[in-house]
Amino acid sequence: MLTRVLFLCRDSVLLAVLFSLLAGPLLAEEIKIGGTGNALGTMRLLGDAFSKKYPNLRVTVLSSIGSSGAIKAVPKGVIDIGLTSRPLSAEERAAGVVAIEYARTPTVLAVSTKSKVTAITREQIADLYSGKLAKWPDGIPIRPVLRQPGDDNTKQIKSLSPAIEKALIDAEQRPGLVFAVFDQEAADKIESIPGAIGVTTLALIKAENRSLRPLKLDAIEPTPKNGSSGNYPLAKNFFIVTQPSPSAVVQQFIAFVNSPAGREILTQTGHWIP
Amino acid sequence: MSARKDPVAQIITRLATVVALVVAISLPLGYMMVALENASQSLEFKARVKASALNGLIASTPDIWMFAENRIQGLISREPVPLETELVQVFDAQGRLILQSGKEPTAPVLARSYPLFDTDRVVGRIEVSASQLDRVYRSLVALLLGLLLGAMVFLVMRVLPLKALRRVTDSLFDEKERAETTLHSISDAVITIDAQGCFIQVNPAGLAMLEAEVLEQVAGHPVLELIVPEYRAAYAKLQKRVLAGESMQMQFELLGLKGGHRWLESHSVPMQRHGETLHLAVFRDITERKEAEDKIEELAFYDQLTGLPNRILLLDRLQQAMTASFRSGSYGALLFIDLDHFKTLNDTLGHDMGDLLLQQVAQRLTTCVRAEDTVARLGGDEFVVMLASLSMNETHAANQTEGVGEKILSVLNQTYQLKEVAYQNTPSIGATLFKGHQTEIDDLLKQADLAMYRAKGAGRNALRFFDPDMELEVMQRAILEKDLRTAIQERQFLLYYQAQMANGKLSGSEVLLRWQHPQRGMLPPSEFISLAEETGLILPLGHWVLEAACIQLALWAARPELAHLTVAVNVSAHQFRQPDFVNQVIAVLEHTGANPRRLKLELTESLLVSNVEEIIGKMFVLKAEGVGFSLDDFGTGYSSLSYLKRLPLDQLKIDKSFVRDVFSDINDGAIVQAIIALSQTLGLSVIAEGVETEEQCDFLARLGCLAYQGYLFNRPLPVVGFEEFALRV
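Protein sequences, first through last, are from chains L and F.
Read in order, the letters of the first sequence are residues 1 to 274 in the numbering used here.
Read in order, the letters of the second sequence are residues 275 to 1003 in the numbering used here.
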């Protein structure tokens, strides 16, 4: 409680100082955004568009600190807006943060655009993680890029089938498998490693213009439409997390995100609005 | 030898314990240290690496990285390698725990941390910790192994050396035992002597030899003390040489502490002990052996019954005597003595008595000879006497031999007491002389034997020489001696007077002795004087001559025309040397009443050979009485001119040999001249003997000699004839 008050005071003082000292559009006001990697690319686009519209407001999107990181950072005031790919837990809500879902995107298995592979089956997923399937049809070894076991990405893939769940557990034991902690890192690795395959989101691919191809899963294409309809089973839900009473600037930004301009960007980058 | 009491064993045990403990501890300790170091390095490395893994996150989100728990979790658990058993903890700059990954390790825990850097700024810390329980277990295992190893080491170090030590000491002990037993049991003395020549150790046999009860009685005392003096120098030399490294042997006589004499044979060797050279001697008592050797020698060389040398020894000694005689030039003699009728004695009285007789004969014979002579028994009843170092003159040697032979005859003729029987026995003696190796030994023996048989043939109880001429001579001499003794007793002598002229007048006469031999007639002194000198009969004879001459002087003194005449009496050196000679002369002068001034004593130069001081003394005493002295045969003897001037002489008599050849031999002439000159210088009167021609007389007169004696003037005459002459002249 006291913390919240302090932070509010601090913010106000900061704003006051900023306004008093720095008149005019010479120094812009900053909005710090941080959180899950999958949302960052889009958020940068949104930020750029917002800054264009409001030149004296600058949006800084920090590197990925993860959903939980964002939830922890927001009450501390080190970031203004947190981006998460999961809803708040009861404790998190009790800590004094609010979350608003703003978009969804399909979670995909992707390969480099260099690869000729376009589709994959559940069975194949299980096999390539377990190691049973070792080579692509063109003979290049399959190199799965693993995520953390507790990572949401991994959880989502596991949910596809019990076989895949087991396969992912087995994969943990396979020596020499490439590992990625951050979403961007995963995308980098899938792009660069020959024969790589990994979990990422359509939003990331589109927002960051990655040379990655999302694969059809059991012949279903991972489009926002399929996702929205539920044909495609995997999706990431994005939330904006703020303090209970965010600043006017923050609110302004949030409003922008939800504005048609904002939504347009979202749609362009593989999201659908729930 | 208990290991616990043995100091060496104790040292070994302590050493083994220490080494074992070191080994036991160092293994686990070493392992723990290495393991700890290992773990520490590993953890530190991991912390560093994991810190490095977070670097990217920290740098890209410097203000909010600490909130990215999942990401941090992902990074630290997987980058660069998955966690194994470690616990990784991430702390912020204030030291608050941000998150941790991995299991809590069980104690004991080792942790290493590494700072999290945002470029140069420290923004937190990552700590990796792991359980060291495994290592602790392993250390315990290492400790157990260490203890095992230590125990083994202890065993090896303690047991093996001790075993070896025990083996060595046991064998040494055995050796020592054996040596000691040997030393104690052998009959030879084994003695250790130090570098100063003193006893160190003596075995029991040695102590017995030295006649000591305990070692302390001799330990530290010089060995030389117990050696008989005549062998000490030799033994001292031996000791020196042994200490210098030589092995030596010697025989010597030992005087034990209780006074016992022992003959010892010693073998000595040098011995090393503690770097010092000592003398180890083994003494063997050879007293019995020596006695046996002596006994054998005795048996070999000596006649058992009489103890006299036997034939073998005699021959050996004879050989030596012949060699000595050859070198010295003196004669030796062999006398073969055979007991007459010995066989009869054996048959009648038995062999025991015969043996007794032989023993007594042997004993009596030894009394007849000198130390350098040998009496031997050839066997049976045959004895031999060997006389060594007799005169260099054959005749004299023969006479000496005859003397011994006569003595033997006389001695052996005396009655023997054979137990209760009084027995009379006579020998037959054969004698022969030898000089050098002129005659072979065998021939000598034969000669003596033959002579002995001749003695037997002559009726036994007799002495015969092998050489008949010699025998004759010897016998004749014996007879002459006997006659001389008789003659002296019976006064068979006469005095003849030879005129002595001085300045053309009769001054007096020289008295010459003549012997009126009952069988042989008138014998001149040349026939008997030398015998008289040899036998000492010259003394009574000389005394008689002096007395007779003085009586005559006394008679002439009563007749005025003859009262001035002097009488010169020859005095032999032997006579003059008699201690009471001076008293004798004075006594004779007194009781005859002769005027001493008319008496002249003629001495020969041979008198002046020795004890001249005594002679001078006697002469002065007589001179004081008025007696005159002249030196007879001057120029032919040994007189030293320095003595000459000290003698209270009145007259020198030039020997006739110079006078005789005064014209034919230039030297004699010169000598005569010299003598005359000498006498004049010394203030002595001079008279020439043997003047036979006028020419001689003139010559002498020209030289200044005015006194003469000789045939030119008169032959020696009996008193009556001389008185006539004296009255005529």
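Read the hints as simulated data drawn from the structure, not as lab findings.
It cannot be assumed that every hint is accurate.
What the hints assert, rightly or not - These stretches of chain L come out as covered by chain F in the derived footprint (C-beta under 8 Å, 3 or more residues):
#1 59–68
#2 147–157
#3 173–183
Unchecked claim - Taking lysine-lysine pairs in the DSS-like style, the calculated list, with each CA pair at most 27 Å apart, reads:
#4 Lys158(L) <-> Lys377(F)
#5 Lys52(L) <-> Lys116(L)
#6 Lys377(F) <-> Lys166(L)
No residue lacks a Cβ here, since even glycine has one placed at the ideal position from N, Cα and C.
Exercise for the section: Compare the structure with the hints numbered earlier in the document and write down the numbers of the violated ones, lowest to highest. Expected result: Checked against the structure, the only hint that fails is number 5, while the rest are satisfied.
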